[in-house]
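**Q** Chains as they are written, first to last, in my numbering: chain G, 1 to 233; chain D, 1001 to 1128; chain X, 2001 to 2284.
Hints listed in this document are in silico derivations from the structure and should not be mistaken for laboratory results.
No residue lacks a Cβ here, since even glycine has one placed at the ideal position from N, Cα and C.
Careful, some of the hints might be misleading.
List time: in silico EDC-like cross-link candidates among lysine to aspartate or glutamate, alpha-carbon distance up to 16 Å [as the list claims (entries may be wrong)]:
id: 1; chain 1: G; residue 1: Lys103; chain 2: D; residue 2: Glu1112
id: 2; chain 1: D; residue 1: Lys1012; chain 2: X; residue 2: Asp2057
id: 3; chain 1: D; residue 1: Lys1061; chain 2: D; residue 2: Asp1006
id: 4; chain 1: X; residue 1: Lys2017; chain 2: G; residue 2: Glu102
Computed Cβ-Cβ distance ranges for the label pairs, DEER-style [what the hints assert, rightly or not]:
id: 5; chain 1: X; residue 1: Thr2055; chain 2: D; residue 2: Met1060; range: 37 to 43 Å
id: 6; chain 1: G; residue 1: Asp60; chain 2: X; residue 2: Phe2110; range: 18 to 24 Å
id: 7; chain 1: X; residue 1: Phe2110; chain 2: D; residue 2: Asp1101; range: 21 to 27 Å
id: 8; chain 1: X; residue 1: Ala2217; chain 2: G; residue 2: Asp154; range: 35 to 41 Å
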Amino acid sequence: MADQEEQNMIDIYVMGRRYRVPEGLTIMTALEYAGYKYVRGCGCRGGFCGACSTVYRKEDDYKLKMDLACQTAVEDGMFLVQLPFVPALREAYEIEDVDPGEKDNVLLDLYPEIARCVSCNTCSKACPQDIEVMDYVQAALRGDVERTAKLSFDCLHCGLCSIRCPADIKHYHLAQLARRLKGRYLDLDSSELEKRIKELEEGIYTEEYEEMLKMTIDELKKCYEERKFEEEG
Amino acid sequence: MKVKRDLEFLEKVEELSGESVNACIRCGTCSAGCPFVEEMDVLPERIFKRIVLGDREGIMKNNTMWICAACFTCSVRCPRDIDIAKIMEAVRLTLLREDIDMVDLDGLDNIEELPQLAVVGCFRKETG
Amino acid sequence: MIQMEDGYLYYPGCTLKTKASDYEESSKKVMEALGKPLVEMDNWYCCGAVQSLATDDIMHQIAAVRTMLCAQEQGERELVTLCDMCYNVLKQANKRMKEKPDELETMNEFLDEDPDYEGQVEVHHIFELFRDMKDEIKKLVKKPLDGLNVVTYYGCMLLRPNHVSIDNTEDPMIMEDILELLGANTIVNPKRTECCGSYHTVNRGDIVENRVEEIVARAAEDGADVIALSCPLCQFNLDYHQRVSDHKIPVLYLTELMALSFGMEAGLKKHKINPRGALKDFLE
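Make the full structure from the sequences, and use the hints.
**A** Set out below in structure tokens:
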């Protein structure tokens, strides 16, 4: 315990209860330090998956802040709550039926509530990835799939935009649809992808894959640790 | 018919609209010029009377404020200078602000065909 | 008189890039020909299409104010719209902000990540520009629309409420005056200022059908070859809902007719009722 006492300790409040934790931890590790165990809503711990949405307030700030728990350092006097999941509706569609070249209103048709956007910008302020969320919703409304896809490229699907939206827009699902439409209809076909799919179909990895299936956990771990990356270029 | 009087309703409508409902002299100019009057189950000036009476329940059963598309014809013609479109809006808002939608977003099957401004306009006037 | 050096700052609105692209294309070509090109704003937001009227409803003015702020940040004071609904909403919201400093202050406080809107931008409809350019328009007419019977249709949003009207609320002549310069035969009819049914087209199509039938029946009675207007929603309603009518009168944006008389073809692509038959004498 001596080590810990040398560290600067701060107070945080988790769902109203005070805990003393070392400074410098992320919100996620601080919660674990305080004794909470993540069963779900933990995710990658690396800021890539968007599973650990968290809402907090700093002691003297009137604003509620949103962030990813694995990417944000705890501060003294922080009030915290974890959001396990955002249950926003995602629409179903057949990708072959929604060609934005033929249909002007593909995005509006599947997500009509974007017509309720009041341009308050609350979504952009909530975004832990600093995406211009409002701007891509506006682009979606005017039928600009390309711009919606481009502006939303860094989205992790944490859902904080949708939690905050006064118009009940499902920004992140809308954006994913736009990116899928871009991939399917707007981008040029990649010759490399075609080549690789052909190789896969011809069984280039089949032998290696079957070998891996026979490995023990330890062998797999060793294999993973010794993996080599292809050089770029 | 017995009317359940909601005395706060008049106050609320006047507050939201910024207009005086009591200034209406029931001349019927609004109804005479309204392009939608045939679709309405109760004439606009009758709605005024019901607001004054505090008959919120009765008004909510009428379609008048939902048929009104805020074309402002009545507003520019009213001899008492009442901005009637604002009063219709206020009546709509008393319901919409209870988080009630008058249009079923997921039930619309014609959006692909429609110009966006129709959808935006409809949702502004008919969703809470 | 509205003046800008090299053209006009242009606010498109949600519909002009897709469903009403005929209107944008023809307006751009006409303004280009007049030597005052439309320059699209760097950034803009959907106005909301219908003005929110409640005294306490500041939230629904935000989009309009943001757009005004974008114009201000581009160093411009004059902003031009093509769409009647955009014109109406931006104009009303702007007026509200100018007349209610306390609301403007609340708005600026809410928009805390942006600079303050100073309330100096003015909103104009493209027809107001045309009114100031009559001589220039007349000079450009190469193919007068001789013998073309045009019924004008104003709808609501250019004329009402009074405080945002671009012309006489009950007896507007701004379109007739332009059409006269183009050589067309204009017909003034009493239905031209009556609502087309507006956004009811989303979920109360029958009401719009009734409205449209009244308007086009009168236009037919008056011998209309085409109907001229500027609102993309009126255009859609009058055009689309004639599918259940015996009448099939093409519904054109005024700027499409202007382009035609200037000897150019612009727009004319997205109409449900093909206007080419009615316009055959003026097309190449």
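**Q** Decide, hint by hint, whether the structure agrees.
**A** Hint check:
Between G:Lys103 and D:Glu1112, the direct Cα distance comes to roughly 7 Å. Compliance with the 16 Å bound is thereby established for this hinted pair. With a CA separation close to 14 Å, the supplied pair D:Lys1012 and X:Asp2057 stays within the 16 Å bound. Only pairs whose Cα atoms come within 16 Å are accepted, and D:Lys1061 paired with D:Asp1006 is accepted, the gap being roughly 15 Å. Taking the CA atoms of X:Lys2017 and G:Glu102, the gap is near 14 Å; set against the 16 Å cutoff, the hint holds.
As the Cβ distance of X:Thr2055 to D:Met1060 is approximately 21 Å, the hint placing it in 37 to 43 Å is violated. Separated by about 21 Å at the C-beta atoms, G:Asp60 and X:Phe2110 satisfy the suggested range of 18 to 24 Å. The supplied range of 21 to 27 Å is met by X:Phe2110 and D:Asp1101, whose beta-carbon atoms lie about 25 Å from each other. Range check, X:Ala2217 to G:Asp154: about 55 Å between beta-carbon atoms, so the 35 to 41 Å window is missed.
In summary, the structure is inconsistent with hints 5 and 8 from the numbered list given earlier, while agreeing with the others.
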